[in-house]
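Each chain, letter by letter, is given below.
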Amino acid sequence: MKPNVVTLCAAAVAIALPFVLRALGLDFYLSLASRIVIYAIAATSLNLVLGYGGMVSFGHAAFVGLGAYVTAIMLSEGVTSGVLHLAATVAVTALAALVIGAISLRTRGVYFIMITLAFAQMLYYLANSVKGYGGDEGLTVRARSLFSFAGYVLDLKKPLAIYFVAVGVLALALVALARFAPSRFGRAVLALRDDDVRAEALGFATYRYKLVVFVVAGALGGVAGALSANLQGYVSPNLLHWTQSGTLMVMVILGGVATVWGGVLGAAVLLLLQEVLGAYTEHHEFWTGWVLLAVVLFARQGLAGLLARMRATRLS
Amino acid sequence: MAGVLVLEQALNGLQFGLMLFLLAAGLTLVFGVMDMINLAHGSLYMVGAFLAAWLVALTGSFVLGVVGAVALTGVFGMALEAGLLRTLYARDHLSQVLATFALILILNDGVKMIFGNDLPLSAPAALAGPVELLPGLQYPAYRLLILGVGLALALLLWLLVQKTRMGALVRAGASNREMATAMGTDIPRLFTVVFGIGAALCAVAGALLGPLLAVQVGMGENILILAFVVIVIGGIGSIRGALVGAILVGAIDTLGRTLLQHVLREFLPPQWASAAGPAIASIAVYVFMAIVLAIKPRGLFPARG
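Going down the list, the protein sequences come from chains W and V. Count the first sequence with numbering that gives the first Met the number 0 and you get residues 0 to 315, in order. Count the second sequence with numbering that gives the first Met the number 0 and you get residues 0 to 304, in order.
Note that these hints are calculated values from the structure, not bench results. As the structure is a prediction and not an experimental result, all values here were calculated from the model. A hint or two may mislead.
Stated by the list, open to error - Have a look at the derived ranges for each label pair, beta carbon to beta carbon: (1) W:Gln300 - V:Ala151: 47 to 55 Å; (2) V:Thr180 - W:Gly232: 35 to 43 Å; (3) W:Ala180 - V:Leu155: 51 to 59 Å; (4) W:Lys130 - V:Thr180: 29 to 37 Å.
To be verified - Below, a sample of chain W positions facing chain V; criterion: calculated Cβ distance under 7 Å: (5) Glu76; (6) Thr79; (7) Gln120; (8) Met121; (9) Tyr124; (10) Ser128; (11) Met248; (12) Val249; (13) His282; (14) Phe285; (15) Leu291; (16) Leu292.
Cβ coordinates follow ideal geometry from the N, Cα and C atoms, glycine included.
Chain W on its own, in the form it takes in the complex (with noise of 0.2 Å):
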């Protein structure tokens, strides 16, 4: 990826954003920040399975969820290391991703939105049933997740530790995002997303392809999870619900699908949209419905798509 001038800006925004918030006295508003980050994260990972891979995955939270989970339940047994929740969730969600997927990939169209919510339910039912980590009222933690290196240590419970772990996974994230749809891996799967019948005659495995990139992004999504743990202090069934799985969704399709900045645009418009609304009403959910309303009948690639057609018609 080159970086260009938007990159860079979006690089300054975030690095400066924690230093103008404390100028500002407006210290708050860092973990609003860092929730979208932590969305941006999990919508980008379900954007490489639905945009890129064109797997209509409705069971994303399932992962997010899980990965929350993994970091929690360690957390309240004592295991502090941030490597080890780091290696215990990407394990964990990479193995639920890989037998979902290996089924869930057996069927096509809506089949595959179905099996892959009702996996997403089952996961969600089994929360509220383990009652030793707290069943349906969720399970809050003291700890957080802690990174020691060289006798220094990070502590997530830091706003601003937090807030820069899940920028930097998020700029890892899009920088893997940008070099995937160049690669030949990532033509192949684009291949495969436009026209699975030619790809598999010209001798791609398919299948294999669009297991590896729900995997992958099962992982980041479990990632994502396990960050929104450490910043919340708290976990619960509702982060798998079907309807969690539902808002990345919205995020994704809001943002613009297939797309490197989709799922972090639609991220930021929509959790802010609901802050911003959320100031003036407490009915910010039925505008904020208005609103994606408006998106889909007049922005049709979604929001990315809309900028990307404004600065066309600019530049003409």
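Given chain W's structure and the hints, the job is docking chain V onto it.
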């Protein structure tokens, strides 16, 4: 004793299944004929329940309130179809998901603005007591009413779909929409009516289940997913499939919730049994769907030829 319990729970399962069928009937037609994912279908169930609770309190009559709510929800459904959903049929599934998810937000919050977070709705006093069906089997009269209404509507819908001209057109649309349109069927107009009937059936389910569950914002979200499971099991676009799927899902869910706990108690400590029972019952429905799809990938009664 055990026999009575099984019979009672079987009746409960059938009753829940019939209500699920009322929800699934409209959903499966919209999905099967228009290839449209309507996440807001559960919201119609909620709107119907709120209107019923409001009208029952207003008129003082349960029957009047429910009938009024069903009619109003039907009209609301038709307006929604003609005003918004119709433009979405030609769009891809993702746009439909975004738009109907937005509708859920609007309808949830809209209902909250008008009626508040929940409304009380209780069964009519005349049906409050139990009826002795068999010696030793006391069954609530109100649940019998739900069973009766559910069976009657299922029969009526079957007659409508199988024996009338409109039903034949709907079936033609479900099996091949392009061909039906080419043969001169005005599918869009037909569909406004079909959607209205589907919405009215949602309202019946919402109004009748209201006194048993609760009339509250968000009540449509969980039952919507069950309705999707029903139509996937039954075969998308098939009314017959929706009926069979609904009764199977209703039975698995209800029997799993109650009988399984009794069985589990034989092997597990009681607190484990009471925790595992509902979880296993909820999960069993989805496992059943996965098994059906593994054996018959297009559901039990695929509508498309």
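| leucine 292 of chain W as chain V interface residue, shortest Cβ-Cβ below 7 Å | holds (5 Å)
| said: So, as I understand it, the hint says glutamate 76 of chain W touches chain V; can you test that by seeing if any CB pair is closer than 7 Å? | reply: Given a least distance of 20 Å, the restraint on glutamate 76 of chain W is violated.
| query | Measuring from the C-beta of methionine 121 of chain W to each C-beta in chain V, is the shortest one below 7 Å? | reply | holds (5 Å)
| Restraint outcome when histidine 282 of chain W is required to lie within 7 Å of chain V by C-beta distance | holds (5 Å)
| said: For the hint 51 to 59 Å, verify it against the beta carbon of alanine 180 of chain W and that of leucine 155 of chain V. | reply: Since alanine 180 of chain W and leucine 155 of chain V have Cβ atoms about 54 Å apart, the given range 51 to 59 Å holds.
| query | Does 47 to 55 Å hold as the CB distance between glutamine 300 of chain W and alanine 151 of chain V, or does it fail? | reply | holds (48 Å)
| Is the gap between the beta carbons of lysine 130 of chain W and threonine 180 of chain V within 29 to 37 Å? | violated (55 Å)
| Regarding the hint that tyrosine 124 of chain W lies at the interface with chain V, is the smallest CB-CB distance below 7 Å? | holds (4 Å)
| request: Confirm or reject the claim that threonine 180 of chain V and glycine 232 of chain W have a C-beta distance inside 35 to 43 Å. | output: Given range 35 to 43 Å: violated, Cβ gap about 56 Å.
| Per the CB criterion, is glutamine 120 of chain W less than 7 Å away from chain V? | holds (5 Å)
| said: Please check whether threonine 79 of chain W passes as an interface residue: C-beta within 7 Å of a C-beta belonging to chain V. | reply: This hint is violated: threonine 79 of chain W lies away from chain V, its Cβ roughly 29 Å from the closest one there, beyond 7 Å.
| query | Hint check: is the beta carbon of phenylalanine 285 of chain W less than 7 Å from a beta carbon of chain V? | reply | For phenylalanine 285 of chain W, the interface hint holds, since the closest Cβ of chain V sits about 4 Å away, which is under 7 Å.
Hint compliance for this structure: hints 2, 4, 5 and 6 are not met, and every other hint is.
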